[in-house]
Amino acid sequence: MKVDTSKPLEYGTHENSNRIFGFWVFLGAEIALFATLFTVFFVLANRFADGPSGSELFEIGPVLIETFLLLTSSFTIGLAVHAMRHQYKRAMLVFFGITLLMGLGFLGIEITEFVTYVHEGATLQTSAFLSSLFVLLGTHGAHVTFGFLWGAAIMIQLMRRGINPATANKSFIFSLYWHFLDVVWIFIFSFVYLKGLM
Amino acid sequence: MNFDLEKFKVHGEPLIYGAMISIALASIGIVVGLTVFRKWGWLWREWLTTVDHKRIGVMYILAALLMLFRGGIDALMMRLQTAAPDMKFLDAQHYNEVFTTHGLIMILFMAMPFIIGLMNVVVPLQIGARDVAFPRLNAVSFWLFFFGAMLLNISFVIGGSPDAGWSAYFPLASLEFSPTVGNNYYSLALQISGIGTLITGVNFIVTILKMRAPGMKLMRMPMFTWSVLITNVIIVFAFPVLTVALALMMFDRLFGSQFFTMANGGMDMLWANLFWVWGHPEVYIVILPAFGIYSEIIATFSKKNLYGYTSMVASMLIISLLSFVVWAHHFYTMGQGVMVNSFFSISTMAIAVPTGVKIFNWLFTLRKGRISFTTPMLYSLAFIPIFTIGGVTGVMLAMASADYQYHNTMFLVAHFHYVLIPGAVFAVIAGFHYWFPKVFGFRLNERLGKHAFWWIIISFNVAFFPLFILGLMGMTRRMYTYSAETGFGPLNMISFAGALGLAIGFAILVYNIYWSTRYMPRDKTGDPWDARTLEWATHSPIPEYNFAVVPNVKSLDAFWAMKYDKQPLFEDQITKIHMPSNTGKPFVLGVVFFFLGFFLVFSMWIPAIVAGIGVLIVLAAMSFDRDHGFYIPADKVIKTEKKLGGGTL
Chain R
216 MKVDTSKPLE YGTHENSNRI FGFWVFLGAE IALFATLFTV FFVLANRFAD
266 GPSGSELFEI GPVLIETFLL LTSSFTIGLA VHAMRHQYKR AMLVFFGITL
316 LMGLGFLGIE ITEFVTYVHE GATLQTSAFL SSLFVLLGTH GAHVTFGFLW
366 GAAIMIQLMR RGINPATANK SFIFSLYWHF LDVVWIFIFS FVYLKGLM
Chain P
21 MNFDLEKFKV HGEPLIYGAM ISIALASIGI VVGLTVFRKW GWLWREWLTT
71 VDHKRIGVMY ILAALLMLFR GGIDALMMRL QTAAPDMKFL DAQHYNEVFT
121 THGLIMILFM AMPFIIGLMN VVVPLQIGAR DVAFPRLNAV SFWLFFFGAM
171 LLNISFVIGG SPDAGWSAYF PLASLEFSPT VGNNYYSLAL QISGIGTLIT
221 GVNFIVTILK MRAPGMKLMR MPMFTWSVLI TNVIIVFAFP VLTVALALMM
271 FDRLFGSQFF TMANGGMDML WANLFWVWGH PEVYIVILPA FGIYSEIIAT
321 FSKKNLYGYT SMVASMLIIS LLSFVVWAHH FYTMGQGVMV NSFFSISTMA
371 IAVPTGVKIF NWLFTLRKGR ISFTTPMLYS LAFIPIFTIG GVTGVMLAMA
421 SADYQYHNTM FLVAHFHYVL IPGAVFAVIA GFHYWFPKVF GFRLNERLGK
471 HAFWWIIISF NVAFFPLFIL GLMGMTRRMY TYSAETGFGP LNMISFAGAL
521 GLAIGFAILV YNIYWSTRYM PRDKTGDPWD ARTLEWATHS PIPEYNFAVV
571 PNVKSLDAFW AMKYDKQPLF EDQITKIHMP SNTGKPFVLG VVFFFLGFFL
621 VFSMWIPAIV AGIGVLIVLA AMSFDRDHGF YIPADKVIKT EKKLGGGTL
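Line order of the protein sequences matches chains R and P.
Counting the first sequence from 1 gives a position; our numbering is that position plus 215.
Counting the second sequence from 1 gives a position; our numbering is that position plus 20.
No lab work stands behind these hints: they were computed from the structure.
Be careful, since some hints might not be right.
[Stated by the list, open to error] Now the in silico label distances, taken between C-beta atoms and shown as ranges:
(1) R:ILE326 with P:LEU492: 57 to 65 Å
(2) R:SER270 with P:ALA370: 40 to 48 Å
(3) P:ASN325 with R:VAL398: 43 to 51 Å
[As the list claims (entries may be wrong)] With a cut-off of at most 20 Å between alpha-carbon atoms, the simulated SDA-like pairs for lysine to any residue come out as follows:
(4) P:LYS605 with R:LEU364
(5) R:LYS385 with P:ILE637
(6) P:LYS29 with P:LYS237
(7) P:LYS230 with R:TYR226
(8) P:LYS230 with R:TRP239
(9) P:LYS230 with R:LEU364
(10) P:LYS59 with P:ALA46
(11) P:LYS230 with R:ILE235
(12) P:LYS29 with P:SER601
(13) R:LYS385 with P:PHE644
(14) R:LYS385 with R:LEU316
(15) P:LYS605 with R:ILE369
(16) P:LYS596 with R:VAL218
(17) P:LYS596 with R:THR228
(18) P:LYS237 with R:PHE236
(19) P:LYS230 with R:PHE236
(20) P:LYS230 with R:ALA298
(21) R:LYS304 with P:PHE644
(22) R:LYS222 with R:ALA298
(23) R:LYS385 with R:ILE326
(24) R:LYS385 with P:SER643
(25) R:LYS385 with P:ASP645
(26) R:LYS385 with P:MET642
(27) P:LYS656 with P:SER601
(28) P:LYS230 with R:VAL218
(29) P:LYS596 with R:GLU230
(30) R:LYS385 with P:LEU636
(31) P:LYS27 with P:GLU196
Virtual Cβ for every residue (Gly too), placed ideally from N, Cα, C.
Bound conformation, chain R alone (with noise of 0.2 Å):
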């Protein structure tokens, strides 16, 4: 494998220049994705039959905690891309790892949020506004959980292989999805909760 050492690693052989492009393309789908599922949320975000409404619902505390993890994983992960470029591997492996475990703990606040929900009567089954709900909030959190074991599978790589054109290529574009939830998720605080709590 020929490498261009003019470029950075992530973009240094012809192949791992066209997966970063090809990921874009990829995310331009992503975006159509949760386009469709904000429509049908925005859709149906007044259709509560007898459930309950998001400011019955929402509470700001947890929500501001997610926002809050998610939105410094990604900074996290910007800075094990920094190392990365700076063949710093312990440096890469431990924002690497803050990085997902923030996730987890993103994700640990969202589960038990929705237990809390289920346990006030607000199930997938009461109304299309909680299906609608369920269904874009669970999305959101089905693509952090499988980021979770993707990066987890990135780590062990990098801990066995060290930092070569392959390893770094995957760790690029592990950032770009990840910063791509980053994204999703300031629509979700701010279409969801934030006017749901109005």
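With chain R held as given, fit chain P onto it using these hints.
Same frame as chain R, now just chain P:
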């Protein structure tokens, strides 16, 4: 977990028992055949694990041909059932299942995979590339499509087929009105193959934008490659909508959510909108590559370059944009108001303009051309007038006020068959005949090809033209029987005769493949049609590395320029060539996805979770894979080229 064998059984129909027996016999036959001839290893090494875009393309086309016959038998059963008043061949439920699977299979498991198959074979060659951007993902795409198709097909004998129409409108498709597992199959089979299609979309966008040979600017790309690029952009933006729609359908049916219900705030029209926001662009996903195929064939057999290349590209771009803003024309009559209907009426009619530009460009390409009437050319020529009938009736349907008359009648059925059969089916058959010698190294027999052509073209009109009249007479679609007083009988009988003729035409086509494989002389030139584009610059059949030397492109129709303007194409030396290695993981991933889908269809949660974990394990195994492929040494390439009588040396 409550295990209920009753759920798996499909009762009553002698036809279904027949299908069970024939599926069982065919499967046993294949297994015995492979064992007797000791072909398991060959099958695994050469096909199931391949990452070669040509072989993946061939497998796509084979699967599509199989599905053409499955969907064709559905069609024959429908035409037979309605051939005369008060027929007792199928009951209402069975008829519902048959028209649903006919639509699903023909669009999603025949037309689209056939086009993706041709795309796989041709596009890397047309852009002078050695492979697609992500060969292993390409195999993943194929196996997800294949096992999605298999999942839908077993529904016929295990548990029952979907029965709410290919558009699966709610509330009809809800658990309340469709209590069988049929629509569970619908959501999961389409989901699995849809993921495969999305991956194909990403793969080919990167392939076309990043893997072109040096000198091939965007405006030097062959028209088929252009159409594929635009199509894949549509796929990437339209398929996520289907993904969401199907997921919500699955939640409604399996977990009792309230998206499309009639109570608790659900909204059935939301399904119609989501379905057609994907479904209308889907029509163009199958039509645009067909336009690309015709452009190649008409230019080749007129011995002229394509007239109005730039306007051809521009019109495809405009069609692709318009395809996203017309979806509501599928439900003018569902009470969406005058303004909405007007907007969608105008945007729908506007599509006729760029399409008309293309038709005129093909006609001008033919003008003063030295036309040779080969089989692929005949299909292309027949396409123009027949498709125009489909287009004109499409504009009639596009007028919202008039559509209140035509809506849900056989007129609509006639219209979309007049668009989709010449637009997609004739195109893939034409492309099949055209590119067949490239892949297999010999042409299909022209005489048999023309026989099949005339059977298909004439029978097509006999089968579908009467439906226009029946629609105007007031025969609604999806009606499984009617009384003699309606007067629908005679025209339906003519239509049935046409359907039989079509079956004969396709049978001749298949016989032609068999006959030609045995008796047609091998083509040593690699260029049997005196064609224009790069795929003909390499040998037939194509060596695994496609081009021994990467071509240097200096103009449009670079191969033609090499032949007749003495423009050098292969200027570099032969060096070692990097190739990806085969892998069985994509196949395994498809199998695991198949089981995941199957268990979800029957709400068998524990096995489904196990299969879901299986999916993650295969993905992890793919991630940890460290195989970076291998090199074919230069002297081996030179030896292969000499053996093939290469012009590139």
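Original post:
Are LYS596 (chain P) and VAL218 (chain R) close enough, with their CA atoms no more than 20 Å apart?
Top reply: holds (17 Å)
**OP:** Note whether the CB distance of ASN325 (chain P) and VAL398 (chain R) lies within 43 to 51 Å or breaks it.
**Re:** holds (46 Å)
Original post:
Would the pair LYS596 (chain P) and GLU230 (chain R) pass a check requiring their Cα atoms to be no farther apart than 20 Å?
Top reply: Holds. LYS596 (chain P) to GLU230 (chain R) sits at ~17 Å (cutoff 20 Å).
Original post:
Taken at face value, is the distance from the CA of SER643 (chain P) to the CA of LYS385 (chain R) at most 20 Å?
Top reply: Within the cut-off at roughly 9 Å; holds.
**OP:** Would you check the hint for LYS230 (chain P) and TYR226 (chain R), treating anything up to 20 Å between C-alpha atoms as holding?
**Re:** holds (14 Å)
Original post:
Is it true that the CA of LYS59 (chain P) sits at most 20 Å from the CA of ALA46 (chain P)?
Top reply: Status holds; Cα separation ~17 Å.
**OP:** With a cut-off of 20 Å on the C-alpha distance, tell me whether LYS237 (chain P) and PHE236 (chain R) pass.
**Re:** holds (18 Å)
**OP:** Take a look at whether the Cβ-Cβ distance between SER270 (chain R) and ALA370 (chain P) falls inside 40 to 48 Å.
**Re:** At roughly 44 Å between Cβ atoms, ALA370 (chain P) and SER270 (chain R) fall inside 40 to 48 Å, so the hint holds.
Original post:
Is the Cα-Cα distance between LYS385 (chain R) and LEU316 (chain R) 20 Å or less?
Top reply: holds (19 Å)
Original post:
For the pair supplied as a hint, LYS230 (chain P) and ILE235 (chain R), is the alpha-carbon distance within the 20 Å limit?
Top reply: holds (12 Å)
Subject >> Pair hint LYS230 (chain P) and VAL218 (chain R), alpha-carbon separation not exceeding 20 Å >> reply: holds (17 Å)
Original post:
Is the Cα-Cα distance between LYS230 (chain P) and LEU364 (chain R) 20 Å or less?
Top reply: Not OK: LYS230 (chain P) and LEU364 (chain R) at ~30 Å, beyond 20 Å, violated.
Hint compliance for this structure: hints 6, 9, 12, 20, 23 are not met, and every other hint is.
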